[in-house]
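J.: Quick note, the sequences are listed as chains A and B, same order. Counting in this note's numbering, the first sequence runs from 65 upward without gaps. Counting in this note's numbering, the second sequence runs from 174 upward without gaps.
A couple of the hints might just be wrong.
For the chain B half of the interface with chain A, some residues (derived, Cβ under 10 Å), not all of them [unchecked claim]:
| # | residue |
| --- | --- |
| 1 | Leu199 |
| 2 | Ile211 |
| 3 | Asp276 |
| 4 | Met295 |
| 5 | Thr298 |
| 6 | Thr308 |
| 7 | Ser405 |
| 8 | Ala429 |
| 9 | Val443 |
Straight-line distance between alpha carbons at most 20 Å, and here's what the computed EDC-like set of lysine to aspartate or glutamate pairs gives [as the list claims (entries may be wrong)]:
| # | chain 1 | residue 1 | chain 2 | residue 2 |
| --- | --- | --- | --- | --- |
| 10 | A | Lys110 | A | Asp304 |
| 11 | A | Lys163 | A | Glu245 |
| 12 | A | Lys78 | B | Glu349 |
| 13 | A | Lys106 | A | Asp121 |
| 14 | A | Lys78 | B | Glu357 |
| 15 | A | Lys307 | B | Asp417 |
| 16 | A | Lys163 | A | Asp240 |
| 17 | B | Lys275 | B | Glu349 |
| 18 | A | Lys307 | A | Asp129 |
| 19 | A | Lys116 | A | Asp131 |
| 20 | A | Lys110 | A | Asp129 |
| 21 | A | Lys110 | B | Asp424 |
| 22 | B | Lys210 | A | Asp197 |
| 23 | A | Lys307 | B | Glu303 |
| 24 | B | Lys210 | B | Asp227 |
| 25 | B | Lys448 | A | Asp173 |
| 26 | B | Lys210 | B | Asp424 |
| 27 | B | Lys210 | A | Asp200 |
| 28 | A | Lys110 | A | Asp131 |
| 29 | A | Lys110 | A | Asp121 |
| 30 | B | Lys275 | B | Asp352 |
| 31 | A | Lys78 | B | Asp352 |
| 32 | B | Lys350 | A | Asp240 |
| 33 | A | Lys110 | A | Glu309 |
| 34 | A | Lys163 | A | Glu244 |
| 35 | A | Lys106 | A | Glu309 |
| 36 | A | Lys307 | A | Asp131 |
| 37 | A | Lys106 | A | Asp129 |
| 38 | A | Lys116 | A | Glu309 |
| 39 | A | Lys163 | A | Asp249 |
| 40 | A | Lys76 | B | Glu303 |
Keep in mind that the hints were calculated from the coordinates and are not lab data. Note that CB positions come from ideal geometry on N, CA and C, so glycine has one too.
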Amino acid sequence: MSAASSKPVSNKGKRVLQVVTALVFLYLFAPIIWIVAFSFNKPTGKYNLQWKGFTLDNWLHPFADADLTSAFVRSLQVAAVSVTLATVMGSMMALALSKYRFRGNSGVDIFLVLPLTTPEIVLGASLLTMFIDFNDAGIPTESFWDRGMFTIIIAHTLFCLSFVALTVKARIRGFDWRLEEAAADLGAGPWRTFSRVTFPLILPGIFAAALLSFALSIDDYIITSFNKGQTNTMPIHIWDSFKVEFRPQVNVLASMILIVSAALLVGSSIVSSRRAK
Amino acid sequence: MAGEDRKPARLVPWALLSPGGLWLALFFLVPVLALVKIALSTPVRFQDPEFSWDFGNFGTALSDYGAQFGRSFLYAGLATVLAFAIGYPLAYCVAAYGGRWKDLLIGLVVIPFFTSFLIRTMAWTSILGERSFVTKIARGVLGDGFTFTGRSWGVVGGLTYNFLPFMILPIYVALEKIDFRLTEAAGDLYATPVAGFWRVIFPLSLPGVFAGSLLVFIPAAGDFINARFLGSPDTTMIGSVVQDQFLVQLDYPSAAALSLILMGIITVAVLVYSKLFGTEGLAA
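The following block holds chain A by itself, in its conformation from the complex (with noise of 0.2 Å):
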């Protein structure tokens, strides 16, 4: 394709640039293949970080840790709950910053921003104090603001949102709003116009932040470290029995994870590129 394939010299440059690039896709997924290959091992004591034969026991039984079963679904309905929220709330945020041009506009950008810039540690570290104040100050955080299910719910929908609505908005930056005006054009009113042209079109984008941010949410250890309370997600469950256990049912759980988001991810791919067409 490139010209630049024509010539010997750079020949030879691409092929060693192939090779690099092969490498570092090998260390990309060298732990998924330990990850998936060891959910078939049978280890003999309570570590599953040895190979010591194979079975297709625990793909058979995946639930058979209730605790880390129970933690699996928690993290499952956070990143539900989280997901939606943010993916609400940033293409909403997203929208207005590339379709309206108003005064502050850059300031809501460095707003948005400033969440990705922070360390994990310190977003969960400022969650927790504001949560203790709250305590302190009078409300009830022991029970509605218990620190569990909902403050992690708060923390997740946090850094979710800005990461939907900067995604989002990267998307829809070649977005050509005229789209719009011709709907208007043709008797479509503003609601009308609104799902009907530019909601299916956007679509494919505000899908993949999606997407993303569940894979962010599913994954994190640090914010929700601080703000679990007494609730397990499943990295909290993976850390904590650490010192005692690393059961393959880990291992399972987390290649069904990834098994359906490669194909989602995947899916998306190929029904956008066929749009694009």
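With chain A held as given, fit chain B onto it using these hints.
T.: Structure of chain B alone, referenced to chain A:
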């Protein structure tokens, strides 16, 4: 029509911004202020700290944990450089030679993200552990005492791994916009392919490089999971200190001061960086 719409239309962006904006204000700004307040408080034995404009916590934090701060920024810096060194060739290769597989290949970069950070790090402890075959091979070359884990290079390697996609994606986005026929033009003007790359392509991809560097450096500087699983007590980073002070020692004023110093240094770095290079690529 347009004239009638204009007045309410001015309120539309603010209406769209308000739910998210309120969430950010309430759960980002207010908590950071709460953190400032507690960092300026004096610890009182067996009681809540008292607010007193006490800047002493900052000095104590810096003098007690200077080593951990230094280590965090050093490791994060090294991880950023390494991620650039291995991420750039991949991004370039996919952008220049990916053809119709581009989307799929770059999608592959993101897939490891969908397993827990924690499990991936544990995977490395197994792959590079004392009894793994990788360690055996490495020992054959580097001598019997060699270990991957428990050393600073283990931690840097883990950080590089975990944040590598944050480097690759923005660089890829920048490279993908480039018309690679530019190298052809450079060649016609008698530039060698190498010179063509450094003088033409690389400068155009810089926004992606800058964005990627920030996106790797920031989380790496605050991370403690890699140091915990792949390091030793000698490789403790500032994140572990903050977590320990907050959740184990319950010394909120020092912990808050430490967090704010970390945040302060990074915010200054980001502001300088974005003044110099812009934040355009950050969202990609």
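J.: Hints first: check each against the structure and report whether it holds.
T.: Hint-by-hint comparison with the structure:
The restraint placing Leu199(B) at the interface with chain A holds, with a minimum CB-CB distance near 9 Å, inside the 10 Å limit. For Ile211(B), the shortest C-beta to C-beta distance to chain A is roughly 6 Å, which falls under 10 Å, so the interface hint holds. For Asp276(B), the interface hint holds, the least distance from its beta-carbon to any beta-carbon of chain A being 5 Å, beneath 10 Å. A least Cβ separation of about 7 Å between Met295(B) and chain A falls short of the 10 Å threshold, and the interface hint therefore holds.
With a cut of 10 Å, the hint placing Thr298(B) at the interface with chain A holds, because the nearest CB-to-CB distance is about 7 Å. About 13 Å separates the beta-carbon of Thr308(B) from the nearest beta-carbon of chain A, more than 10 Å, and the hint is not met. For Ser405(B), the suggested interface contact is broken, since its CB lies about 17 Å from the closest CB of chain A, more than 10 Å. Given hint, Ala429(B) at the interface with chain A, holds; its Cβ is 6 Å from that chain's nearest Cβ, closer than 10 Å.
Satisfaction of the interface hint for Val443(B) is found here, the shortest Cβ-Cβ separation to chain A being roughly 5 Å, below the 10 Å cut-off. A threshold of 20 Å between alpha carbons decides the hint, and for Lys110(A) with Asp304(A) the separation of about 14 Å falls inside it, so the pair holds. Under the criterion of a C-alpha separation no larger than 20 Å, the hint pairing Lys163(A) with Glu245(A) is consistent with the structure, at around 12 Å. Distance check on the hinted pair: Lys78(A) and Glu349(B) sit about 17 Å apart at the alpha-carbon level, within 20 Å; holds.
Of the supplied pair hints, the one linking Lys106(A) and Asp121(A) holds, its CA atoms being roughly 8 Å apart against a limit of 20 Å. The hinted pair formed by Lys78(A) and Glu357(B) meets the criterion: a straight-line CA distance of about 15 Å does not exceed 20 Å. Under the criterion of a C-alpha separation no larger than 20 Å, the hint pairing Lys307(A) with Asp417(B) is consistent with the structure, at around 17 Å. Restraint check for Lys163(A) and Asp240(A): satisfied, since their Cα atoms lie roughly 10 Å apart, inside the 20 Å limit.
Taking the CA atoms of Lys275(B) and Glu349(B), the gap is about 9 Å. The hint holds against a cut of 20 Å. Proximity of Lys307(A) to Asp129(A) is assessed by CA-CA distance (about 16 Å); at most 20 Å being required, the pair is judged to hold. The straight-line distance between the Cα atoms of Lys116(A) and Asp131(A) is roughly 25 Å, outside the 20 Å bound, and the hint therefore fails. The suggested pairing of Lys110(A) with Asp129(A) holds, with an alpha-carbon distance near 12 Å, which does not exceed 20 Å.
Distance check on the hinted pair: Lys110(A) and Asp424(B) sit about 35 Å apart at the alpha-carbon level, beyond 20 Å; violated. A hinted pair counts as satisfied when its Cα atoms are at most 20 Å apart, and Lys210(B) with Asp197(A) qualifies at roughly 10 Å. The suggested pairing of Lys307(A) with Glu303(B) holds, with an alpha-carbon distance near 18 Å, which does not exceed 20 Å. For the given pair, Lys210(B) sits about 10 Å from Asp227(B) by alpha-carbon distance, which is consistent with the 20 Å threshold.
Proximity of Lys448(B) to Asp173(A) is assessed by CA-CA distance (about 14 Å); at most 20 Å being required, the pair is judged to hold. Proposed proximity of Lys210(B) and Asp424(B) is supported: the alpha carbons are some 14 Å apart, at most 20 Å. Between the alpha carbons of Lys210(B) and Asp200(A) the distance comes to roughly 14 Å, so the proposed pair stays at or under 20 Å and holds. Under the criterion of a C-alpha separation no larger than 20 Å, the hint pairing Lys110(A) with Asp131(A) is consistent with the structure, at around 15 Å.
Annotation: proposed proximity of Lys110(A) to Asp121(A) holds, straight-line Cα distance about 15 Å (limit 20 Å). Proposed proximity of Lys275(B) and Asp352(B) is supported: the alpha carbons are some 15 Å apart, at most 20 Å. Distance hint between Lys78(A) and Asp352(B) is fulfilled; the C-alpha atoms sit about 17 Å from each other, no more than 20 Å. For the given pair, Lys350(B) sits about 18 Å from Asp240(A) by alpha-carbon distance, which is consistent with the 20 Å threshold.
The hinted pair formed by Lys110(A) and Glu309(A) meets the criterion: a straight-line CA distance of about 5 Å does not exceed 20 Å. Among the hinted pairs, Lys163(A) with Glu244(A) is consistent with the structure: their alpha-carbon atoms are about 11 Å apart, no more than 20 Å. A distance of roughly 14 Å separates the Cα atoms of Lys106(A) and Glu309(A); the hinted pair therefore holds under the 20 Å criterion. Distance hint between Lys307(A) and Asp131(A) is fulfilled; the C-alpha atoms sit about 15 Å from each other, no more than 20 Å.
A C-alpha spacing of about 15 Å is found between Lys106(A) and Asp129(A), which places the hinted pair at or below 20 Å, so the restraint holds. Taking the CA atoms of Lys116(A) and Glu309(A), the gap is about 16 Å. The hint holds against a cut of 20 Å. Only pairs whose Cα atoms come within 20 Å are accepted, and Lys163(A) paired with Asp249(A) is accepted, the gap being roughly 18 Å. For the suggested pair Lys76(A) and Glu303(B), the alpha carbons sit about 38 Å apart, so the restraint of at most 20 Å is broken.
Going through the hint list in order, the structure does not satisfy hints 6, 7, 19, 21 and 40.
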